[in-house]
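Asks: Chain by chain, the residues run as shown.
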Amino acid sequence: MPAPLSSEDLEFREEVRTFLAANLPAGLRDRSFRGLHPRRDELVAWQKTLHERGWLLSGWPVEHGGPGWSLARRYLFNHEYFLSGAPQVSPFGVTMVGPVIYTFGTQEQQERFLPGIRNSDTWWCQGYSEPGAGSDLASLRTRAVRDGDHYVVSGEKIWTSYAQHADMMFALVRTSPDAKAQKGISFLLIDMKAPGVTVRPIIGLDLNHTLNHVFLDNVRVPVENRIGEENAGWTCAKFLLGHERLTVARVGRSKFQLGRLKQIAAAEQANGRPLCDDPDFSHRLHRLDVDLRVLEAMELRFLSAQIAGHRLTVEPSILKIRGTEIGQRLKGLIVEALGHYAIAYDAADEPPASGSGPMWPEHAHGAVADNLYHRALTIFGGSNEIQRNIVARHFLG
Amino acid sequence: MQFEPSQDQALLRDAAERFAREHLASPQTGQWRRFAELGWLALPLAEDAGGLGGTTADVAVLMEALGGGLVREPYLATVLLAGRLLDAAGTSDLRAQLLPRVVNGEMRLGFAHHEPQMRFALSGVQSTASPSDSKWLLSGRKALVLDGGDADRLVVSARIDGRGPLALFLVEPGMEGVKVRPYRTLDGGWAADFEFDRVALDAAHLVAADDQVEATIERVVDQAICAICAEAVGAMRKVCEITRDYIGTRRQFGVAIGTQQVVRHRWVDMHIATEEAKSITQMAATAADGDADERRALASAAKAKVAEAGRFVGEQGIQLHGAIGMTDDYLIGHFYKRLVVIGTLFGDADYYARRLAGAAGSQAWRPMSGPGRED
Numbered sequence: 000m001p002a003p004l005s006s007e008d009l010e011f012r013e014e015v016r017t018f019l020a021a022n023l024p025a026g027l028r029d030r031s032f033r034g035l036h037p038r039r040d041e042l043v044a045w046q047k048t049l050h051e052r053g054w055l056l057s058g059w060p061v062e063h064g065g066p067g068w069s070l071a072r073r074y075l076f077n078h079e080y081f082l083s084g085a086p087q088v089s090p091f092g093v094t095m096v097g098p099v100i101y102t103f104g105t106q107e108q109q110e111r112f113l114p115g116i117r118n119s120d121t122w123w124c125q126g127y128s129e130p131g132a133g134s135d136l137a138s139l140r141t142r143a144v145r146d147g148d149h150y151v152v153s154g155e156k157i158w159t160s161y162a163q164h165a166d167m168m169f170a171l172v173r174t175s176p177d178a179k180a181q182k183g184i185s186f187l188l189i190d191m192k193a194p195g196v197t198v199r200p201i202i203g204l205d206l207n208h209t210l211n212h213v214f215l216d217n218v219r220v221p222v223e224n225r226i227g228e229e230n231a232g233w234t235c236a237k238f239l240l241g242h243e244r245l246t247v248a249r250v251g252r253s254k255f256q257l258g259r260l261k262q263i264a265a266a267e268q269a270n271g272r273p274l275c276d277d278p279d280f281s282h283r284l285h286r287l288d289v290d291l292r293v294l295e296a297m298e299l300r301f302l303s304a305q306i307a308g309h310r311l312t313v314e315p316s317i318l319k320i321r322g323t324e325i326g327q328r329l330k331g332l333i334v335e336a337l338g339h340y341a342i343a344y345d346a347a348d349e350p351p352a353s354g355s356g357p358m359w360p361e362h363a364h365g366a367v368a369d370n371l372y373h374r375a376l377t378i379f380g381g382s383n384e385i386q387r388n389i390v391a392r393h394f395l396g
Numbered sequence: 000m001q002f003e004p005s006q007d008q009a010l011l012r013d014a015a016e017r018f019a020r021e022h023l024a025s026p027q028t029g030q031w032r033r034f035a036e037l038g039w040l041a042l043p044l045a046e047d048a049g050g051l052g053g054t055t056a057d058v059a060v061l062m063e064a065l066g067g068g069l070v071r072e073p074y075l076a077t078v079l080l081a082g083r084l085l086d087a088a089g090t091s092d093l094r095a096q097l098l099p100r101v102v103n104g105e106m107r108l109g110f111a112h113h114e115p116q117m118r119f120a121l122s123g124v125q126s127t128a129s130p131s132d133s134k135w136l137l138s139g140r141k142a143l144v145l146d147g148g149d150a151d152r153l154v155v156s157a158r159i160d161g162r163g164p165l166a167l168f169l170v171e172p173g174m175e176g177v178k179v180r181p182y183r184t185l186d187g188g189w190a191a192d193f194e195f196d197r198v199a200l201d202a203a204h205l206v207a208a209d210d211q212v213e214a215t216i217e218r219v220v221d222q223a224i225c226a227i228c229a230e231a232v233g234a235m236r237k238v239c240e241i242t243r244d245y246i247g248t249r250r251q252f253g254v255a256i257g258t259q260q261v262v263r264h265r266w267v268d269m270h271i272a273t274e275e276a277k278s279i280t281q282m283a284a285t286a287a288d289g290d291a292d293e294r295r296a297l298a299s300a301a302k303a304k305v306a307e308a309g310r311f312v313g314e315q316g317i318q319l320h321g322a323i324g325m326t327d328d329y330l331i332g333h334f335y336k337r338l339v340v341i342g343t344l345f346g347d348a349d350y351y352a353r354r355l356a357g358a359a360g361s362q363a364w365r366p367m368s369g370p371g372r373e374d
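Protein chains in written order, with numbering that gives the first Met the number 0: chain A, 0 to 396; chain B, 0 to 374.
Watch out, some of these pointers could steer you wrong.
Ranges between beta-carbon positions, derived for each pair [unchecked claim]:
| id | chain 1 | residue 1 | chain 2 | residue 2 | range |
| --- | --- | --- | --- | --- | --- |
| 1 | B | Gln27 | A | Asp148 | 51 to 59 Å |
| 2 | A | Gln262 | B | Asp47 | 49 to 57 Å |
| 3 | A | Val293 | B | Val261 | 20 to 28 Å |
| 4 | B | Asp13 | A | Leu206 | 28 to 36 Å |
| 5 | A | Asp120 | B | His270 | 48 to 56 Å |
| 6 | A | Ile306 | B | Thr248 | 44 to 52 Å |
| 7 | B | Thr248 | A | Lys261 | 23 to 31 Å |
| 8 | B | Asp268 | A | Lys261 | 41 to 49 Å |
| 9 | A | Phe238 | B | Val254 | 52 to 60 Å |
Simulated from the structure, these hints should not be mistaken for laboratory data.
None of the values given here were measured: they were computed from a predicted structure.
Each residue gets a CB set at the ideal place from its N, CA and C atoms; glycine is no exception.
Model the full assembly from the supplied sequences, consistent with the hints where possible.
Replies: Encoded structure:
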């Protein structure tokens with residue numbers, strides 16, 4: 000933190016550390032350590048534990064159930080949270096559609112949808128991208144035609160994470176084909192169990208099923224599920240994009256994994272000594288360490304500006320660019336540390352039964368899958384090319 | 000030094016590219032018979048063993064073509080490693096017994112040399128063959144034996160009595176005391192780890208046990224490295240080609256993304272990396288059958304370059320494809336995974352950059368043979 004921490008802040012940080020140490024299940028921490036996704040049931044249980052403590056809705060205003068933390072406190076919490084190896088909570092409810100609903104939704108909509116987000120009983124997914132609309136999201140074509148008190152929705156959404164588990168999807172749909180791009184888009188909440196919704200798995204490079212292709216075939220969606228005015232959905236989308244970017248640089252997660260890398264490098268052997276003593280490897284490890292500290296400093300500096308009341312513009316883009324590049328380098332270095340065993344691949348969630356699979360060190364499981372999956376870091380969330388365009392436009396016109 | 004293919008090499012290249020195109024369009028396993036029919040199993044083996052006496056440069060032509068097709072047959076393990084080791088170091092009995100069966104496609108081999116504590120070095124074998132009566136008892140561990148689970152025979156390195164010269168033995172995976180653990184590799188292939196617990200071997204199992212074994216292993220591995228570098232070059236060229244097509248057709252914001260300067264320059268960087276990799280690989284392949292110092296230096300430079308360039312081209316191929324590049328369905332990710340595997344096999348860029356420094360010693364580069372000279 001830039002200024003010395005107040006004694007209240009220090010106490011708070013201690014409180015967070017104590018809680019996490021006492022309550023974070025070892026299995027979840029291990030999965031974070033290895034870069035494996037948390038299992039759905041375990042994640043839901045963990046989210047409920049956090050919520051019971053009042054810490055799940057860390058960015059929400061008090062009147063909607065948030066703890067009412069200052070920006071500085073939220074930063075502290077996130078930092079300790081990820082440094083402990085706690086998994087990212089499912090973002091679609093808590094950090095995405097939840098804030099949209101309490102910002103743009105009616106009282107009735109808030110009462111209907113927010114409880115399920117608070118208690119993690121509703122699993123959400125995000126229906127944004129389409130096969131023809133990736134970076135150019137505003138060109139989306141999923142059509143919603145008004146029919147009495149329903150919209151009839153037809154189209155396709157793609158790259159929908161965990162749609163196979165989802166109860167609800169928040170989607171951007173075109174309600175006015177004549178209007179220009181952004182001006183004809185509405186924000187709809189779609190029941191994934193409604194007739195006409197088909198979810199088709201997309202297997203990733205890591206051979207796991209995270210992403211999906213969602214087909215919407217004349218799905219009837221009640222008008223009461225539209226958030227905000229018709230054709231004003233892009234406002235919700237822009238709000239969402241600009242909201243909750245506090246952890247976009249992944250500093251806590253990368254610091255946690257850097258700790259893992261150092262452990263692995265101490266355990267692996269090269270030329271009769273630990274890999275961390277190999278000059279080539281340690282050089283790259285140290286340069287990465289520098290870059291991560293720089294990233295942390297930059298994040299803190301931008302946070303200070305925000306706390307002082309300055310409005311952030313391109314800073315989240317800069318943090319996203321550097322955070323993802325550093326994250327990828329880190330995961331790549333973990334794989335490199337494995338030597339020849341970087342070639343072995345275990346797509347399974349669990350390490351293989353004892354006596355089968357590669358005779359590799361225990362720390363190897365998960366590393367290659369983690370590295371593979373996170374090639375997407377520079378693509379999803381607004382590709383790094385788009386992020387650079389955002390920064391360029393701001394300064395260079 | 001010749002960079003242009005000879006007539007024979009051009010014919011080989013054309014046949015292999017045809018094969019690769021068909022394979023990419025409709026991938027099949029079980030093409031080993033066709034490899035035998037096309038003479039590819041015989042290519043680098045000595046004529047007196049039923050081979051064609053081809054050079055490393057010939058093999059590189061074949062491998063570059065196959066690399067563009069993601070062809071997954073155990074050519075590296077059976078022919079380029081174990082086969083060539085038997086050819087170079089084996090007793091005449093073993094050569095006569097086994098190599099014709101390799102050439103006709105009947106026999107699959109594996110080369111079990113690396114152990115985890117060695118990391119990428121070729122030295123440091125701890126597996127031991129302890130003399131016992133007129134036998135040896137083999138004990139030790141081998142890691143990442145490519146296609147080891149399918150091998151009919153393994154060529155296994157071990158130290159005689161734990162401290163003597165390095166020896167090579169022929170082991171049948173079904174022998175008592177052999178434990179095999181097969182697993183998949185990142186690129187969809189197979190490898191296996193082995194544990195040997197006092198496996199009883201007699202004279203018929205001895206391939207070689209003299210002070211030449213280590214040098215022979217080093218040479219055969221350097222030559223195999225040139226071959227997989229060539230395979231990587233073929234994969235990189237294909238990635239550039241697929242990506243070029245994609246960015247020309249994928250439209251966002253009303254234009255093909257290939258009209259955007261950032262995208263264009265990124266593709267150019269991919270192309271340049273491929274040209275560099277091809278150049279050093281070809282030079283290394285040509286030098287690989289000659290002077291040992293030059294072979295070592297160039298194979299090291301090629302592997303270091305290919306490890307780095309292959310990763311870059313694969314990663315950027317995915318990045319320029321966007322989300323679709325992250326799916327198992329789409330080709331580009333498969334090329335990326337194969338490039339990453341080749342980049343790691345036998346050692347990464349750091350390892351080979353260091354080896355190059357060791358190979359050149361404190362001297363400057365030796366002057367290379369100029370183009371057009373007959374060497």
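Asks: Next step is simple, just say for each hint if it's right about the structure.
Replies: Hints and how they fare:
1. Taken as a hint, the range 51 to 59 Å holds for the pair Gln27/B and Asp148/A, whose Cβ atoms sit roughly 55 Å apart.
2. Hint check: Gln262/A to Asp47/B, Cβ distance near 53 Å, so the stated range 49 to 57 Å holds.
3. Evaluation of the 20 to 28 Å hint for Val293/A and Val261/B yields a pass: the beta carbon distance comes to about 24 Å.
4. Evaluation of the 28 to 36 Å hint for Asp13/B and Leu206/A yields a pass: the beta carbon distance comes to about 35 Å.
5. For Asp120/A and His270/B, the hinted distance range of 48 to 56 Å is satisfied, since their beta carbons lie about 52 Å from each other.
6. Between Ile306/A and Thr248/B the CB atoms are about 47 Å apart, so this pair conforms to the stated range of 44 to 52 Å.
7. A hinted range of 23 to 31 Å for the beta carbons of Thr248/B and Lys261/A is inconsistent with their spacing of about 45 Å.
8. At roughly 32 Å, the beta-carbon separation of Asp268/B and Lys261/A lies outside the given 41 to 49 Å, and the hint is violated.
9. Taken as a hint, the range 52 to 60 Å is violated for the pair Phe238/A and Val254/B, whose Cβ atoms sit roughly 28 Å apart.
Of the numbered hints stated above, those contradicted by the structure are hints 7, 8 and 9, listed in ascending order.
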